[in-house]
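Novice: Chain by chain, the residues run as shown.
There are 6 protein chains.
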Amino acid sequence: MRILVVNPNTTEEMTEAIGAAARHYASPGTEIIPLTARFGAAGIDSNFESLLSAVAVMDLVSGYQGPFDAVVLAGFGEHGREGMQEIVDVPVFDIAECSAHVAQLIGRSYSVVTTLHRSIAAIEDRLTVAGLSARCASVRAAGLSTLDIERYPERAAERILEQARLAVHQDRAEVLCLGCAGMTGLDEKITTELGVPVVDGIGAAVGLAEAVVGMGLRTSKVCTYARPEPNQLTGWPITARVERSGRAS
Amino acid sequence: MRILVVNPNTTEEMTEAIGAAARHYASPGTEIIPLTARFGAAGIDSNFESLLSAVAVMDLVSGYQGPFDAVVLAGFGEHGREGMQEIVDVPVFDIAECSAHVAQLIGRSYSVVTTLHRSIAAIEDRLTVAGLSARCASVRAAGLSTLDIERYPERAAERILEQARLAVHQDRAEVLCLGCAGMTGLDEKITTELGVPVVDGIGAAVGLAEAVVGMGLRTSKVCTYARPEPNQLTGWPITARVERSGRAS
Amino acid sequence: MRILVVNPNTTEEMTEAIGAAARHYASPGTEIIPLTARFGAAGIDSNFESLLSAVAVMDLVSGYQGPFDAVVLAGFGEHGREGMQEIVDVPVFDIAECSAHVAQLIGRSYSVVTTLHRSIAAIEDRLTVAGLSARCASVRAAGLSTLDIERYPERAAERILEQARLAVHQDRAEVLCLGCAGMTGLDEKITTELGVPVVDGIGAAVGLAEAVVGMGLRTSKVCTYARPEPNQLTGWPITARVERSGRAS
Amino acid sequence: MRILVVNPNTTEEMTEAIGAAARHYASPGTEIIPLTARFGAAGIDSNFESLLSAVAVMDLVSGYQGPFDAVVLAGFGEHGREGMQEIVDVPVFDIAECSAHVAQLIGRSYSVVTTLHRSIAAIEDRLTVAGLSARCASVRAAGLSTLDIERYPERAAERILEQARLAVHQDRAEVLCLGCAGMTGLDEKITTELGVPVVDGIGAAVGLAEAVVGMGLRTSKVCTYARPEPNQLTGWPITARVERSGRAS
Amino acid sequence: MRILVVNPNTTEEMTEAIGAAARHYASPGTEIIPLTARFGAAGIDSNFESLLSAVAVMDLVSGYQGPFDAVVLAGFGEHGREGMQEIVDVPVFDIAECSAHVAQLIGRSYSVVTTLHRSIAAIEDRLTVAGLSARCASVRAAGLSTLDIERYPERAAERILEQARLAVHQDRAEVLCLGCAGMTGLDEKITTELGVPVVDGIGAAVGLAEAVVGMGLRTSKVCTYARPEPNQLTGWPITARVERSGRAS
Amino acid sequence: MRILVVNPNTTEEMTEAIGAAARHYASPGTEIIPLTARFGAAGIDSNFESLLSAVAVMDLVSGYQGPFDAVVLAGFGEHGREGMQEIVDVPVFDIAECSAHVAQLIGRSYSVVTTLHRSIAAIEDRLTVAGLSARCASVRAAGLSTLDIERYPERAAERILEQARLAVHQDRAEVLCLGCAGMTGLDEKITTELGVPVVDGIGAAVGLAEAVVGMGLRTSKVCTYARPEPNQLTGWPITARVERSGRAS
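Chains as they are written, first to last, in my numbering: chain A, 1 to 249; chain B, 1 to 249; chain C, 1 to 249; chain D, 1 to 249; chain E, 1 to 249; chain F, 1 to 249.
As the list makes no split between identical chains, a pair holds if one copy fits it or if it spans any two.
Pairs of lysine to any residue residues, derived as SDA-like cross-links and limited to a Cα-Cα distance of at most 20 Å, are as follows:
#1 K221 / L161
#2 K189 / A141
#3 K189 / P153
#4 K221 / N231
#5 K221 / Q170
#6 K189 / A17
#7 K189 / H24
These aren't lab readings, by the way, just hints derived from the structure by calculation.
Computed from a prediction, not measured in an experiment: that's the story for all the values here.
Between the sequences and the hints, there should be enough to build the whole structure, so can you do that?
Specialist: Right under this line is the structure:
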């Protein structure tokens with residue numbers, strides 16, 4: 001089985017970390033293909049950047065040569081899952097949604113700890129649109145941007161743990177989801193300190209991808225996620241043009 | 001007052017129709033600036049095209065020279081309002097949401113009649129995310145694409161009227177919203193036949209824009225829709241590159 | 001355009017303040033006709049008084065001589081909008097609902113700050129019934145009656161600001177609505193201190209009235225808000241009798 | 001135990017029927033005091049008439065001389081329960097809400113069959129505001145006014161039965177509530193034909209009143225339904241004035 | 001009227017207390033038959049024990065000789081009401097649901113104070129499944145097991161009062177429900193200290209049973225709660241076997 | 001990895017079919033241990049039987065000798081998952097919930113087709129309690145009991161296909177879940193005829209079990225699903241007694 005794991009931002013180091021995490025969770029027979037968005041933001045902390053990444057990610061996957069069995073969208077709370085489901089036939093796995101699915105399977109309620117307060121609404125919307133908000137106890141923010149979490153790992157750990165503690169003690173979360181790929185190393189620490197399981201989004205998406213592909217299932221193409229009809233498109237794919245004109249911003 | 005009215009697809013004829021509708025509804029002192037997306041689809045009938053349009057529209061507005069007081073997003077059920085709210089300081093008006101606001105002001109419940117069945121989910125999600133689904137009786141589809149509605153106006157009218165009738169008689173809608181700019185001329189016909197008011201999305205958005213701007217209000221920048229922090233962006237704006245490399249698809 | 005702006009309580013000073021606010025927000029061509037309830041309470045702080053005001057307000061408007069294009073109900077959270085929608089053909093605008101509509105247009109979520117704790121439920125119900133509660137972060141009370149807010153403006157300002165602060169910081173409101181006509185002057189102060197836009201209910205209702213009337217729309221008369229059928233009525237209108245018998249309580 | 005059973009319309013014959021039904025369901029020790037609204041409509045089929053009745057009913061009860069232990073509001077879906085709860089200390093029972101309570105106790109889901117289509121929204125709102133809509137399968141209308149149901153009992157029976165059948169077979173209702181006092185005699189017929197229990201609103205309200213009073217409970221006065229503070233009231237009570245000036249409309 | 005009041009745990013002392021409470025609330029003509037589960041836990045504080053009790057209670061009632069008119073399930077938040085409704089024809093009253101019904105009749109919102117935190121979810125689910133969660137302000141836990149509440153009445157009273165206070169002041173509950181039979185004596189104390197009515201679950205269930213039976217109503221057998229079809233059952237009833245083999249654990 | 005797959009009814013043939021399905025979907029390294037309830041019903045079509053099976057299943061698993069990594073509860077819509085989560089430390093997978101999880105991953109909305117109409121409510125409740133009802137388009141019934149589906153496979157296929165068609169065309173389901181183990185063979189037929197993916201509950205549960213166990217996750221024991229505290233239990237485990245006294249019903 002081959003899974004494309006797409007980092008929606010342009011930072012190669014994060015792609016590597018995401019790829020490593022995906023491989024860590026993948027079954028022996030699964031091949032992980034990590035990809036990096038060719039345009040957009042170095043770290044996504046706004047709807048503007050998130051929408052841009054949605055297009056970058058579709059651009060990337062639609063230009064990918066070679067077979068694959070599933071796509072993992074490795075941005076937590078980003079826009080775009082519905083579009084990707086249309087342009088590929090294989091199933092598509094969003095890490096925020098997959099985290100919530102797994103969390104609901106192992107606990108009564110879950111909370112998400114994300115980066116900035118401004119990202120809370122986007123995650124809430126993604127969970128709502130996916131029909132997964134009923135067991136969400138809260139979405140909390142550490143108050144640090146995606147890049148700052150990479151840069152200041154200790155401060156980040158402290159702040160994330162603080163919010164995780166509030167999620168468990170105030171919001172009655174019984175499972176935690178880490179709402180940013182950069183938070184990956186923290187699960188053990190949180191489980192040790194708070195006694196609750198922590199779901200890693202990449203792991204959840206890879207695991208669910210293997211399960212769904214293993215069952216022989218694909219996205220329903222009967223209506224909402226059918227292939228777009230042939231249409232007159234201008235400027236698509238974007239990369240060809242972006243790259244032809246020089247890629248640096 | 002100057003309002004940018006942005007057609008998210010690339011069809012200039014539709015921009016003209018949208019501009020004309022906007023001017024029809026605008027107050028005397030209001031200047032309407034219709035704009036056409038520079039890349040993307042000729043008519044938007046999928047999430048893929050809609051996400052692409054969200055970026056095209058942000059690209060267009062962020063490159064617009066000169067002052068403006070409001071932005072109207074003239075795509076019914078498209079992605080992207082949240083991103084636009086971040087990158088401009090003036091308030092932003094999505095025609096699907098504005099239709100629902102106006103409909104709720106004049107009736108107990110409303111239905112939307114849109115183009116293809118595959119677009120129902122996107123409109124439902126937009127209304128849900130905007131907190132406007134509680135009084136939505138139904139979203140129904142005429143079974144014709146955006147471009148076909150332009151091409152076959154008679155068949156379109158018949159099919160739309162048929163769904164409007166079901167909305168009123170089966171779903172108990174008391175107000176109708178037309179979920180596609182191309183449907184603009186039909187309100188009178190529907191009101192005559194079914195006795196219910198019909199809300200034109202462009203008119204609703206222009207009217208609410210005038211009201212909100214007139215009150216001296218702007219989008220709250222305190223959290224979710226704050227300006228994105230300065231970030232390392234690759235390939236943005238897109239148009240420069242797209243255009244430099246030749247615009248034809 | 002002529003808008004009746006109806007103060008549901010019997011205090012003329014409040015009617016004057018409401019009228020002034022309405023004129024402040026109205027467009028040049030709009031004429032504001034402020035009216036005062038002829039019976040009922042001097043300030044409305046209970047369901048009993050609110051229901052009484054609903055009848056007083058219908059009595060007042062149904063006896064009004066001369067044309068008008070819209071009715072603004074200037075009581076925040078009062079009963080009665082549905083009845084008024086039935087007995088007039090022009091559209092009707094409740095200030096609590098209009099505040100919420102405008103707030104949703106300019107922010108992710110809003111809170112209301114009202115007078116007494118006992119009024120919270122009535123406002124929540126009004127928003128729920130109007131389909132506007134999904135984006136309501138909270139309804140909070142300053143703990144002062146409508147008349148006390150008039151009487152002790154400084155203490156009122158302090159208490160309202162305190163609740164506004166909690167709404168923004170604890171409930172994550174991004175827009176505030178002031179749930180009492182007497183709070184009108186406070187918007188600037190709150191915006192300055194908390195950085196969030198504040199919606200004035202009278203302004204919102206006047207603005208939306210102008211927009212809806214400007215679009216040529218009226219309340220749907222197809223079912224729920226149709227004119228009541230001719231019926232045998234006793235004691236209606238009330239004023240004639242009340243006044244004939246001497247108005248003092 | 002003494003229960004005031006208040007007919008919100010002015011038709012004495014209906015009061016008599018309501019009183020008879022109440023006595024039929026009351027326990028031996030319970031005294032039923034039927035009362036008729038002194039002003040308002042002969043039959044309530046609109047929000048306008050319903051709001052008027054809410055005031056008439058409060059006027060009536062607040063002027064009632066002598067002790068009582070509970071108030072039953074015998075209008076199905078009328079406004080006003082919240083106001084009555086404030087002005088009396090004894091508990092208050094709305095027949096629409098009580099029907100739903102009893103229906104939920106004996107079945108998975110219930111439907112209401114009411115008079116006119118325009119009354120559906122008011123009943124839905126009453127159930128929602130009372131927190132009783134989750135198990136409501138549907139509110140359906142027979143298409144006859146309150147007075148027509150009195151006048152044409154056979155046609156009414158037929159139409160009501162037809163809607164009851166649809167409620168059971170299409171909406172999966174397992175219990176039916178008759179949404180109009182005039183429908184009282186039909187329960188047996190419906191139960192015989194459809195096999196589902198039918199809840200009579202008057203019976204439900206009297207039964208719940210006896211239960212709650214029997215437990216020694218009263219309305220919570222801690223916040224929402226506290227007695228209104230002393231206030232400057234004009235024109236209250238209304239009856240004194242209405243009657244002084246001659247009661248005929 | 002004869003009501004079976006079934007204690008789902010095996011502690012006879014609790015059955016006696018429950019029976020005494022039931023008799024205290026019952027009308028003169030009502031006979032209370034208290035029954036004790038013949039197997040299961042001495043006090044129920046988990047889903048495991050609760051499911052076991054559901055079967056024990058069905059076993060007990062299906063083996064009961066002699067007529068009865070209603071069954072009261074005296075476990076707060078336990079599983080099993082739906083099963084009991086199937087195997088008897090008389091109506092069935094769960095004390096958690098009945099508490100909520102009565103609470104909604106006398107106040108705007110209610111909270112439940114239960115034993116352990118782990119029981120909160122079960123009570124929330126019971127209220128949700130019964131369609132009674134919309135007016136539930138909170139379910140709070142005293143942090144003591146069912147048996148500890150019996151054992152340490154003073155500490156229990158203190159802890160329960162503390163949670164009741166938070167329910168009223170933080171969650172805005174206007175009525176309280178005590179979520180454990182062992183809490184029965186505390187209502188007066190709470191009402192005195194906090195000014196809110198307190199609903200006793202046993203009293204609520206007995207009162208509603210008398211009301212529903214008095215109306216001549218029974219559980220709807222049309223679909224969900226119809227008698228199970230004859231089926232091949234192994235090991236049922238359980239008691240016969242359990243007892244034959246010696247009852248001690 | 002070893003997964004206990006528990007048939008909640010007593011029919012060994014169904015256990016075999018379930019075991020075969022589980023093995024079909026399991027990964028090479030996974031060992032499937034099918035188990036049959038030792039008491040209860042031969043086929044579960046009521047809450048009574050379902051609650052009995054919940055206890056039978058807990059009894060069975062708590063008496064199982066040897067290690068295991070996950071438990072699959074192979075009854076669609078049965079009670080008991082919460083109890084099993086408490087008494088084992090490994091994660092527990094209910095086939096109704098797992099079907100819904102997988103369905104949501106591959107489509108906008110899903111419907112369930114189950115056996116009898118009386119089972120619809122139980123499935124709805126299970127999905128609601130698991131937080132999975134938001135994307136459920138409908139639960140439909142074929143009108144045949146669990147055993148009849150085994151007995152009359154052709155008639156069953158026809159009836160199930162009929163409901164599946166209505167789910168897709170009327171309720172807009174994009175994915176179907178088969179709500180009964182006996183329906184297992186039908187997925188291909190439905191996919192061929194209706195073009196929608198069909199989720200097999202056993203396959204979904206096995207796949208998700210492998211994913212969750214593979215991630216190293218277990219049920220959160222921090223609150224709701226913690227091990228029951230040591231308690232005085234009578235008659236537990238049941239089997240010992242049931243078997244000692246002879247197993248035949």
